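Protein chains in written order, with the numbering used here: chain A, 1497 to 1865; chain B, 2 to 311; chain C, -16 to 362.
I should point out that these hints are in silico values taken from the structure, not numbers from a laboratory. Here the structure is a predicted model, which means the values were calculated and not measured. Incorrect hints may have been included.
What the hints assert, rightly or not - Example chain C residues on the side facing chain B (calculated, C-beta under 7 Å, incomplete):
{"id": "1", "residue": "Thr199"}
{"id": "2", "residue": "Ser205"}
{"id": "3", "residue": "Pro207"}
C-beta: ideal position from N, C-alpha, C; glycine also.
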Amino acid sequence: MTILINNLKRLSRDKFTFIVMLLLPIIFISFSMYAMGGSTPLRVAIIDKDNTRLTSMLTEGLKNGTDILEVQEQDIKQMLINGKLDYAVKINEGFTEAIINGRDTKLETMSLKETNTSIPIKLYIESFVNSSKNIAAAAKGNEGEFYRGMELYVSNMVSADYQSIENTERDTKSNTYLSLGFMVMFMLFMSTNAATLVLEDKYLKTYGRVLSSPISARSYFMQNLLSYIVITFIQVCVIFAILIFVFKADMGPSIGNILVLFLVFALTSVALGLAVSSLTNDLRQNNALSYLITIPLCMLGGCFWPRDIMPSILRQLSNFTPVTWVLSASEKLLYGGSLADIGSELMILLLFTLVFMIVGSNKNIMMKA
Amino acid sequence: MVVEIKDLVKRYGDFLAVDNISLSIDDGEIFGLLGPNGAGKTTAINCMIGMQKQDKGQIKLFGQDFTGREGSIKKEIGIVPQDLALYWDLTCYENVSFFAKLYGLKDGLLRSRVQEALEFTGLWDRRKDLAKKLSGGMKRRLNIACAIVHQPKLIIMDEPTVGIDPQSRNHILQSVKELNKKGSTIIYTSHYMEEVEELCSRIAIMDHGKLIAKGTKEELKAFITVEEKTEFELSSVNYTITDTVKQVSGVKDCVVDGSRLTVISEKNSRNLSKIIDCISAAEADILSMNIEKPTLETVFLTLTGRTLRD
Amino acid sequence: MKALNIAYYTILRNFRDYKTLLLMLALPIMLIATMGSALGSVFTPGDMSVTTICYLDEDKGFMSQSFEEFLESEEISKMMQYKTAASKEEAFELIKDGRAVALIVLPANLSEDIQKGGKASIEVYNSKYSSFRESIVQSTINGFVNGTNAQLVLRQMGAVSQEYEMFDNIEETAVTAEGNAPRAIDYYAVTMLVMTIMYGTGYGNFAMKEEKRLNTSIRLASAPVNYLEVVLGKLAGSVVSVFLQGMVIIAFTKLVFNVNWGGSLGLIIFVCFSASLMSVGLGMMVSNLGKNPQATGGLLNLGVSITTFLAGGYFPSSQMGPAMEKLGHISPNYLAQQAMFNTIYGGSTAQTTNLIITIWAIVIAAFIIAGLTERRSAN
Ligand SMILES: Nc1ncnc2c1ncn2[C@@H]1O[C@H](COP(=O)(O)OP(=O)(O)OP(=O)(O)O)[C@@H](O)[C@H]1O
Ligand SMILES: [Mg+2]
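Here chain A stands alone, though its shape is the one from the complex (with noise of 0.2 Å):
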């Protein structure tokens, strides 16, 4: 108990870093839970020179369905290029004069040879366009008639009506599910950090101290254990508590259950760091080697994406790694699954706990410092 108090204290010691240390994964997680998810809708681009009630009518019956983009004209070829816009479309003057009287004019436009993304645009803009022609054609000229049956045509006899057909339930469980993916991030980072005591036992020598003291290692080792599981996880269920209070998260049918696994991961995570820094001497070969296995973890594992958008080589490795089984374990248990469903997944969990543990405790390793 010793060593647990003594690492609480120590740790909480530089109150700065203490105190970002656990605001910074819980403002991460509340911030990402905010902003997460959603698409971008279609984006297009008006360069309007002509600027008449006609050009008006086409930018507002575009604006269903789009998202319209101010955008310099010199910056749209990059835009293009770089996924920031769709389409563009630029009006000429004198376009509006050329449609009413007849005369064959044409939009400029511009898409994206790669993708055939923009065809719905450009097939509504054809057919306002198209429309307009036949209309101008019908008013033989006359602007008043021309615009009498623009505004028919705007006023969509025909018209479709959206209707959302919503189950918000999808959708949270979707961002809990990623927001649960950082916090296995948070996890791992944390574990990594938190070890980092061990090293500095070597450091001051404390650690040979503490060795030949009563306490024997594995004594030590356990506490140390056990003082980094306590932080996590009071981390954890802080995270959990905003997720549920504050953003209303759904977790699924029980929060206890997840909160196991995550207490299980937790365990699997302070011993990876521990086993990290059992294999270092020194503060920054610890940090480089354990971001060096941590980061890899996290993307393979799907923290950061779907695993299924990896080629199956990649999937495949990703077996191995805790991070896939705690979250595949997490969607089940979000998606209703039970303790039992994910029996498997504890199983492998602590079966990785086990060999960080043995890896982390080898003494030999630890006393070469």
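Please build the complex by placing chains B and C with the ligands on the supplied structure of chain A, with the hints as guidance.
Relative to chain A, chains B and C with the ligands alone:
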């Protein structure tokens, strides 16, 4: 005067670490600064070299006021810090030459001075080894090499010998004498009374931030009047010995305990040969003999009521 | 002069720990290689997959006929396929499962209502959480509705006999992304480069604190050097250490992975340098705000992982939704990344200039805060 300190005061918060000390050190001296743990020696030194700002008091080095910034003064000081101050991931050579360059040494002079310093401390053969690979004693020596490479006129050594074996320690003590012979003034702090007795011409004793005594060894010893005590282990004791010994001038008392004869004389009575004459006259063989003189240790004990090392 | 000396030894020491250095360089290079090849599909703009909609015809009039013709037309069928649904409920299930994006219902009597000239509407049911696909459905349906409306208008204008004529209305210029937009490997080379530079906060963190820890601060204080010279030397050494790592990554990725670093390598290098300064400055600042350099070091590493993530370093943030993309703009990584992308792919120079100015503003702010919080003495 190389060092003149007047009314130096340094506080840490409410704690008075250095309490109004005044000192002056002559050119060419080896000056000993003694004191138990926490006496304020390191703090006083840190103020002296401009590492910390004193709260009050004046420091004059080489006759000039020193505020901690005067480069011309700093050039002439070398500090051997109490805690090893080395870059562990640099080699011995690199460590020494790095610090040498801070003192403006360049090119040929730099190389020859670095070599000199490393040879002086016996580390020339290990110059390509990383500092972290050295033994404890070698690290201590490297710590010294870094301080003397620029051949300063004033060398301040803050416990340069802690935690090393007698051989390395001897090496270091010899070096200190040699540096002094080459013309450097040295301030030497230590817990080891023997070192200070052997090296230093003048000594100051600090305790609880205060300077409680200063002077030459003899002056300090004169502070206390204790008797000299001589113990003999004899082959045989008869009571005629005690009687004759008691007659010797300066002897105040003489006690027999088994085969042991304890003689107590007045200070500086220089009567040892006469006592031995009496013993041999009684045809007893001296198996062993032990003379207890007033040492700095005893001086210290009487002054502070505590021992130097705890 | 003495500052240069201090800088030189700082670099020497940073690079002497070559094991750590190799690890720090191996991480980004490994990530560039794996993600560059594994996530190719995310980066090449390509034809999107066909959008599936459900179609329920309750009208069975001429409108259903023309709508079906429309759906089956060559252009539409390339990107949209439809399933005929038996009931709304069945279609809703499909939408919930994500197997269809929307349900389009032609209500009973639609054709009749139109014939009579009254208002009529097509019903579209969709899920609002896929704005992109929904946007496609909407534009497509609107296109259809437009055509129908135009014919109705013509009839109302009395031009019954006028044929609805098809004109040529658009002159389209296609721009190509090839060579103009980063491939996955190009993208990750930039983001991982910036990440590596940002991990340089570690050097800033340790620069001065380390001297205290090694006790060498006492030697530095007693030597005839200005404190400012010491700080400048440590700073320069740290910045150059970080910067050189960045150069190694640029050189390696260019030579081994043939990454496109564009034509103005000089500007890229300048951005690298500015970012190195920013990273070391932020490191020093945080180091001074906290106490224990180990703790602040851990914090900085965590922080860099977050800023890298936010800036889309691991996965393009544009793929994580519009709000996430905006959020990424607060990340220091974003400034350097965007400046480099602009430089390589001919983006707006005005924006690049702004980005670089912002980086320097952060540099100055970080150093001011670091200077104000620097605790000089040994205590
Ligand atoms: N940075 C500091 N902050 C607060 N108190 C300090 C600080 N440095 C030293 N002290 C206190 O000042 C007193 C004098 O310390 P100093 O290091 O000068 O003693 P010393 O004589 O060198 O002892 P030692 O022989 O153990 O080296 C001690 O009580 C110590 O606790
Ligand atoms: Mg001391």
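For each hint, the structure was consulted:
1. Thr199: It holds, given that the least Cβ distance between C/Thr199 and chain B is near 5 Å, below 7 Å.
2. Ser205: Given a least distance of 4 Å, the restraint on C/Ser205 holds.
3. Pro207: Hint holds; C/Pro207 Cβ to chain B Cβ min 4 Å, cut 7 Å.
Consistency note: the structure conflicts with none of the earlier hints.
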